[in-house]
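If you read the sequences in order, they're chains A and B.
Everything in the first sequence is counted per the numbering used here, starting at 178 for the first residue and increasing by one.
Everything in the second sequence is counted per the numbering used here, starting at 1307 for the first residue and increasing by one.
Honestly, the hints are just simulated from the structure, not real lab data.
Don't take every hint at face value.
[Said to hold, decoys possible] With a straight-line Cα cutoff of 25 Å, these simulated BS3-like cross-link-like pairs (lysine-lysine) come out:
hint: 1; chain 1: B; residue 1: Lys1309; chain 2: A; residue 2: Lys234
hint: 2; chain 1: B; residue 1: Lys1405; chain 2: A; residue 2: Lys230
hint: 3; chain 1: B; residue 1: Lys1375; chain 2: B; residue 2: Lys1405
hint: 4; chain 1: B; residue 1: Lys1405; chain 2: A; residue 2: Lys247
hint: 5; chain 1: B; residue 1: Lys1405; chain 2: A; residue 2: Lys234
hint: 6; chain 1: A; residue 1: Lys188; chain 2: A; residue 2: Lys234
hint: 7; chain 1: B; residue 1: Lys1405; chain 2: B; residue 2: Lys1309
[Unchecked claim] Partial chain B-side listing against chain A, Cβ under 7 Å, derived:
hint: 8; residue: Gly1349
hint: 9; residue: Pro1350
hint: 10; residue: Tyr1352
hint: 11; residue: Gly1403
hint: 12; residue: Gly1404
hint: 13; residue: Lys1405
hint: 14; residue: Phe1408
hint: 15; residue: Gln1410
[Stated by the list, open to error] Every beta carbon over 12 Å from chain A, so not counted as near; a handful from chain B, in silico:
hint: 16; residue: Ser1318
hint: 17; residue: Ala1369
hint: 18; residue: Ser1376
hint: 19; residue: His1382
hint: 20; residue: Ala1389
hint: 21; residue: Lys1417
For each residue, glycine too, the CB sits at the ideal point set by N, CA and C.
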Amino acid sequence: DAGITQSPRHKVTETGTPVTLRCHQTENHRYMYWYRQDPGHGLRLIHYSYGVKDTDKGEVSDGYSVSRSKTEDFLLTLESATSSQTSVYFCAIRGGGNEQFFGPGTRLTVL
Amino acid sequence: DAKTTQPNSMESNEEEPVHLPCNHSTISGTDYIHWYRQLPSQGPEYVIHGLTSNVNNRMASLAIAEDRKSSTLILHRATLRDAAVYYCILRPYYNQGGKLIFGQGTELSVKP
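Pulled out of the complex, with its shape left as it was, chain A reads as follows:
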């Protein structure tokens, strides 16, 4: 157990509303990641962070922003949610052996 929690675990929202997903870790890992998983696409990287206030884009970053003001928290924000952002979102941290440990996921539905 890598001590990763995600909140909320489920969310239903309407198109055009802002949404923030939270990833929290308890083990002081430097690298954190946000992925989304959709049928037919597998997992795709949205953004990642390599330290407090240090973030970079992944392969599907459009429409998403992230922030990391503390080591333990990595926030993913959808400024104006769209139906195409309906997905399951996974947070991950990178361990000492370069393996990644994933959280339980957040299921987001945008109506």
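Add chain B to chain A, keeping to what the hints say.
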């Protein structure tokens, strides 16, 4: 990034060994071979990784071909809990940020 090819699905019987193949013919010398699996309704789970030599851990073994163009994940005795999607991923040593690129994986079903 180098690409991997895996069968879409495989079946196995409970308590028998399972060999999950992965082809990566364009692998470079600094690419690590990682395996993850994803059980239904859960996040992916790290299984094992290696560079050149075969690797063993409590979950599985990784056999890497001498030319490194293919690898095999070996589950020594499949259980029903091993039913999952298994992903073979190449991670370059110099990969900025340690990013993983997931393919479609192999869906393993285990019959009692």
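Outcome of the hint check:
Using a Cα cut-off of 25 Å, the hinted pair Lys1309 of chain B and Lys234 of chain A holds, with the two alpha carbons roughly 21 Å apart. For a cut-off of 25 Å, the pair hint linking Lys1405 of chain B to Lys230 of chain A stands: about 18 Å separates their Cα positions. Distance hint between Lys1375 of chain B and Lys1405 of chain B is fulfilled; the C-alpha atoms sit about 21 Å from each other, no more than 25 Å. For the hint pairing Lys1405 of chain B with Lys247 of chain A, the CA-to-CA distance comes to about 21 Å; that is within 25 Å, so the pair holds.
Simply put, Lys1405 of chain B and Lys234 of chain A have alpha-carbon atoms about 11 Å apart, close enough for the 25 Å limit, and the pair holds. A C-alpha spacing of about 24 Å is found between Lys188 of chain A and Lys234 of chain A, which places the hinted pair at or below 25 Å, so the restraint holds. A distance of roughly 14 Å separates the Cα atoms of Lys1405 of chain B and Lys1309 of chain B; the hinted pair therefore holds under the 25 Å criterion. This hint holds: Gly1349 of chain B has a C-beta 3 Å from the nearest C-beta of chain A, less than the 7 Å allowed.
A hinted interface residue such as Pro1350 of chain B counts as satisfied when its beta carbon comes closer than 7 Å to some beta carbon of chain A; here the least separation is about 5 Å, so the hint holds. Taking 7 Å as the C-beta cut-off, the interface hint given for Tyr1352 of chain B holds, the closest approach to chain A being about 4 Å. Given hint, Gly1403 of chain B at the interface with chain A, holds; its Cβ is 5 Å from that chain's nearest Cβ, closer than 7 Å. Restraint check, Gly1404 of chain B versus chain A: the minimum CB separation of about 5 Å is within 7 Å; hint holds.
Hint on Lys1405 of chain B holds. Least Cβ distance to chain A is approximately 6 Å, under the 7 Å limit. This hint holds: Phe1408 of chain B has a C-beta 4 Å from the nearest C-beta of chain A, less than the 7 Å allowed. Given the 7 Å rule on beta carbons, the hint for Gln1410 of chain B holds: about 6 Å separates it from the nearest Cβ of chain A. Every Cβ of chain A is farther than 12 Å from the Cβ of Ser1318 of chain B; the closest lies at roughly 22 Å, confirming the non-interface assignment.
Against the 12 Å criterion, Ala1369 of chain B stays outside the reach of chain A, whose nearest CB is about 19 Å from its own CB. The non-interface label for Ser1376 of chain B is consistent with chain A: the shortest C-beta to C-beta separation is roughly 21 Å, beyond 12 Å. The claim that His1382 of chain B is not at the interface with chain A holds, since no C-beta of that chain comes within 12 Å of its own (minimum 20 Å). Residue placement check: Ala1389 of chain B keeps its beta carbon more than 12 Å from all beta carbons of chain A (closest about 18 Å).
Here Lys1417 of chain B stays apart from chain A, with its beta-carbon at least about 25 Å from theirs, past the 12 Å limit.
Every hint from the earlier list agrees with this structure, and none is contradicted.
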